[in-house]
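Engineer: Keeping their order, the protein sequence lines are chains P and R.
Per the working numbering, residue 1 is the first one in the first sequence, and the count goes up by one each step.
Per the working numbering, residue 1 is the first one in the second sequence, and the count goes up by one each step.
It should be emphasised that the hints constitute simulated quantities derived from the structure, not laboratory data.
Since this is a predicted model, take the numbers as computed values, not measurements.
Glycine included, every Cβ here is placed at the ideal spot set by N, Cα and C.
Just to be clear, a hint being listed does not mean it is correct.
[To be verified] Straight-line distance between alpha carbons at most 27 Å, and here's what the computed BS3-like set of lysine-lysine pairs gives:
#, chain 1, residue 1, chain 2, residue 2
1, R, Lys52, R, Lys68
2, R, Lys68, P, Lys1
3, R, Lys77, R, Lys56
4, R, Lys77, P, Lys57
5, R, Lys52, R, Lys77
6, P, Lys57, P, Lys13
[What the hints assert, rightly or not] Interface residues of chain P toward chain R, partial, derived using beta-carbon atoms under 7 Å:
#, residue
7, Pro39
8, Glu48
9, Phe60
10, Glu103
11, Gly109
12, Thr113
Listed here are the chains, written in short residue letters.
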Amino acid sequence: KAGVTQTPRYLIKTRGQQVTLSCSPISGHRSVSWYQQTPGQGLQFLFEYFSETQRNKGNFPGRFSGRQFSNSRSEMNVSTLELGDSALYLCASSPDSGRTNNEQFFGPGTRLTVL
Amino acid sequence: GDSVTQMEGPVTLSEEAFLTINCTYTATGYPSLFWYVQYPGEGLQLLLKATKADDKGSNKGFEATYRKETTSFHLEKGSVQVSDSAVYFCALTAGGTSYGKLTFGQGTILTVHP
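Between the sequences and the hints, there should be enough to build the whole structure, so can you do that?
Structural biologist: Below you can see the structure in the form of structure tokens.
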């Protein structure tokens, strides 16, 4: 089975722009979670989608949004980019049998640099 | 809220040394506990997990036991190799409506020298 894929792998934007990141989960996985990783804050949960619905959300401003499509692929969008949004954005998928203790499988991440 | 605390790093060891990385947690209910590893330039890989008290997770020579009385999940390996050099993250997922959310510790950088 192919793993979680994320595109693009690297991205450079300038302040004020917006960006869209894409994530394709493992085939058959219906839950997709997004995380932001920075040296200062570590790994922080952004949100989780299941069957095209956001079920959980972390403590991030409304500039961060996401969606999930019927094939479970997910995108996240960051509008009005700030320098502090520079980070590695990780996507993870899970089969989600309804339990919250399912293992998550991570993609390689998208490295976003905001200039 | 839920939180995970890992021992301060970085940790530097010689090959074949014994490894311990401490992890303690705070959570409501009965969380599941995980250790993830991140190699340079890559995403996170699950190393091991435990879903209830006294469970022992193990993989590739690494072990960790879910200790509810001490709220701990320390990672151990009897003999480390250079290839174990990476960043290790302890994490938990709580029950209830905490869908899809892993709460991570700050990570511990491990460097193993030949």
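Engineer: If a hint holds in the structure, say so; if it doesn't, say that too.
Structural biologist: How the hints compare with the structure:
1. Restraint check: the Cα-Cα separation between lysine 52 of chain R and lysine 68 of chain R comes to about 8 Å, which is no more than 27 Å; the hinted pair holds.
2. A threshold of 27 Å between alpha carbons decides the hint, and for lysine 68 of chain R with lysine 1 of chain P the separation of about 35 Å lies outside it, so the pair is violated.
3. Of the pairs offered as hints, the one joining lysine 77 of chain R and lysine 56 of chain R holds, with about 13 Å between alpha carbons and a cut-off of 27 Å not exceeded.
4. Annotation: proposed proximity of lysine 77 of chain R to lysine 57 of chain P is violated, straight-line Cα distance about 35 Å (limit 27 Å).
5. The hinted pair formed by lysine 52 of chain R and lysine 77 of chain R meets the criterion: a straight-line CA distance of about 21 Å does not exceed 27 Å.
6. For the suggested pair lysine 57 of chain P and lysine 13 of chain P, the alpha carbons sit about 25 Å apart, so the restraint of at most 27 Å is met.
7. For the restraint placing proline 39 of chain P at the interface with chain R, the shortest Cβ-Cβ distance is roughly 10 Å, beyond the 7 Å limit, so the hint is violated.
8. Evaluation of the glutamate 48 of chain P hint against chain R yields a held restraint, the C-beta minimum of about 3 Å falling below 7 Å.
9. A hinted interface residue such as phenylalanine 60 of chain P counts as satisfied when its beta carbon comes closer than 7 Å to some beta carbon of chain R; here the least separation is about 13 Å, so the hint is violated.
10. Hint status for glutamate 103 of chain P relative to chain R: holds, with the closest Cβ pair at about 5 Å, below 7 Å.
11. For glycine 109 of chain P, the interface hint holds, since its Cβ comes within 7 Å of a Cβ in chain R; the closest pair sits about 5 Å apart.
12. For threonine 113 of chain P, the interface hint is violated, since its Cβ never comes within 7 Å of a Cβ in chain R; the closest pair sits about 15 Å apart.
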